[in-house]
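These protein sequence lines map, in sequence, to chains A, B and C.
Under the numbering used here, the first residue of the first sequence carries the number 788, and numbering increases by one thereafter.
Under the numbering used here, the first residue of the second sequence carries the number 261, and numbering increases by one thereafter.
Under the numbering used here, the first residue of the third sequence carries the number 174, and numbering increases by one thereafter.
Derived from the structure by calculation, the hints contain no laboratory data.
No experiment lies behind these values; they were computed from the predicted model shown.
Some hints could be false.
As the list claims (entries may be wrong) - DEER-style ranges, computed between Cβ atoms:
1. A:V915 x B:G396: 31 to 37 Å
2. A:Y875 x B:T292: 55 to 61 Å
3. B:W271 x C:N313: 26 to 32 Å
4. A:I794 x B:R370: 22 to 28 Å
5. B:E266 x C:H179: 53 to 59 Å
6. C:I243 x B:Y419: 53 to 59 Å
Heads up, the beta-carbon is just placed ideally off N, CA and C, and yes, glycines get one too.
Below, each chain spelled out in residue letters.
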Amino acid sequence: MDLLVSIILQIVYVIANLALISLGLAIIFGMMRVINLAHGEFLMLGGYTVVVATNNGVNIWVAILILSPLVVGAIGVIVERLLIRFLYGRMVDTLLATWGLSLLFIGLITSIFGASTATTISPPLGVVTIGEYTSSGYELFLIGITILLFVAVYLVLKLTTLGLVARGTMQNAEMASALGVSTSRIYMLTFGLGAAVSGFAGGLLAPITGVLPTIGTVYIAKAFITVISGGAAILAGTTSASILLGGLNGIISFVTGPTLGEVALLLAAIILLRIMPRGITGSIFRKSI
Amino acid sequence: MRELREMKATWIIAALGVLFTFAAPSILELFTIITLAQVIGLAILALSLALVWGFGGILCFGQTAFFGVGAYAYVIAAVNFGGSTWAVLIAVLVAAAFAAILGYFVFYGRVSDVYLAVITLTVTLILFSLIRRTSGPEYKVGNALLGGFNGASAPPLNYPWDVSAFMFPEQVFYVAMIALILVYIFCSWLVRTHFGRVCVAIRENEDRAELLAYDTRLYKLGIFTIGAAIAGLGGIFFCIGVSRVTPDVFSLSQSALTIIWVIVGGRGTLIGPILATFALYYLTSTLGSQSVLNTNLVLGTILIIFVLGVPKGVVPAVSDWIQSRRGRKALRARERRLQRRRPSGGQNVGSTEGAE
Amino acid sequence: MKHKAHTVLETRGLSMHFGGVHAVDRVDFSLRENELRCLIGPNGAGKSTFFKCLTGQLNPTAGDVVIRDIHVTGREPHEVAGLGVGIKTQVPNVFDGLTAEENIWTAARRWHKAPRAQTLTSQIIERLRLGDIRSTLVGNMAHGQRQWVELGMVIVAEPWLVLLDEPTAGMTHEETARTSELIKEINQSATIIVVEHDMQFVRSISQHVTLFHEGAIMMEGTMDEISSDPRAREIYLGSQA
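If we strip away everything but chain A, and leave its shape as in the complex, we get (with noise of 0.2 Å):
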């Protein structure tokens, strides 16, 4: 019994982390159909911010809480401002530039705080026991505010003046900017609030994984294949896409290991993508968001 609660919640774990690492780029794709290659820096930028904060003394949590969406949604507003808006409409440009973006970060911050980071902060919070069996007490932190944080998205485009105007924009970008809807400005919102997430996102992952340039490689392909099988719907998509992957992730990866339940991931993905083009909310589920 305890075994098998053990063994959901690590499952459980799989599954917020995927859709945490996700939701970013979600946000980005799904309101402005922009695929950001960069968002794995925007996630390690969010952990050099805690690291940094941390090491200056800064509360930890504040560092985490506060800082680290705060810092990469500014970063992503000037990157919006400075380089995206020129390209929107063409899709391939705008993915080849936040591709030299990605690499741009990365130099970077190799340049300021070389090629690999000796600090590391642990993560706060202590064990919890399971009857025999004991849970790091963060990874349930993460569950918890992983499910706190799609709310939150979930309430600010239902019920906000902000999530409305972007859902409509979204829909039909000419119609918005005839009924005086600033399309611009709205974009650069967008594109903010997900570098935000993004931030968050890292920022809660660097006491577990630690800093380096290089570590949005390790989330990128989680989170573009995640992004993709879910389809338009930012929230919708990416549950059920986690729920579906990550379960499938979890799964294989406790019987026969992590290597196998990347592929396993990897592999069901496409498989879904040849069966529903558009994704899980490109078939089904159509109306949500």
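For chain A, the structure is supplied; the task is to place chains B and C on it using the hints.
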């Protein structure tokens, strides 16, 4: 064979390539020639993407997956057979087969441009993390250890069907150069065949090609598979050139570099990406030997500058510029002729030439 | 029009629903060999959706499309075109980065070996008076010229059935008149369906007209019969005035 007669520029470039091959030992140091073998492998990789993306319009961000698969397949086969003859053939076929299977899913699933880019990139990254974990002695294929993070050493080339006659590095250079020239001629011929022209038509407008009764999925799968075979061949020369294969062939930065070569050289040309490979290799190895500017920083900046400023790439931009100069000259000459004939006329001249 | 000619294209209960919208609703339609049929109707009547179900661009929700006794429902467009069906879509659908000649050659080469394809291409270029712009990139051409290139791509394949969606859209009066001549010429050897808005044009080419309204066929008959029918006047001709 009408196509072969139309390829004037190709023959000239190929002849220059042959000239360079034979002049190289007398103008370059041995060390440079040995290094060049691996750069030629990379140039073949660039050529494969120039074909698949520049002509086939398939946005493959993971062309290095086939390059790496080719390299690993060569090493595994060469170790097991104790010779390179069959290993070369097998490596090319394995790369092509891998692309054919992946291509079946993406093209027959009618996955869009951007998804295809992301999927191919993801496949590459998964291969990267997969192969890095194969460091134990239990990870071997036949007699070949995969070697995980450190990779495996690549057996040298030998003369066909004579496993005792290994080639010296400068001989490998000759073979690689000849392979590059032949593949270049092949690609140049291919894009002029019916098959190649249909691929270009599909790049221009897939719906239209389909309404003309072409099964576009099959053509895309075809050019994708051919491109992967070429990339696999590049992988063979690359791993022989460095005498080692490591998971880095699947790394994100290698994928990015490949894209950058094609962007900088220009889409829709074959020679552009080849030249860009040599030029950027020179640049990155120079940057690598100093510590002021980080290589990723420079490459990222180059990529952004080209996407925003020179989206067509260097070679097409230069040839457009030459053509527009020529066009303007011809136009002025025609205007002068017309003005001599009827001083008031000439407003219709060049109505199609003026449009870019 | 031959009276005993057999049916070459038929739809049975063809329906296309988008969510709750019934763009095409249980349409039974049939076309005899060598006919020149126009499909007319106000905007949103479902004629373009119906057209796309015939060409395989849309997969109908229900019903059947039969072309020369072959069930093509849900087949890919290239399979429909592969039966010898020439298709022209509503917006100019051409290869912008290729020249006029290359565009037409690509269409011809699907059916013929290279030398014959080249000959046919040259003939069509001459016939459509595209000689002056044969080496111009189609992307640089005017709207009407692009339409002509596309028509060239359709007829160079010598199809036995031709499906045209608004072939005169964006053409000048003179170009429209030439198109009408061309369609009559093609009709000598091929069966044709034309989806069209321009009533003058329809009157100039077609004997038999099918009127679509709200996703269904409202009536079929000659242009005179339709223009004298009060219901038809109200929904279509009336709405235009």
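Mind listing which of the numbered hints don't hold for this structure, in increasing order? 2, 4, 5
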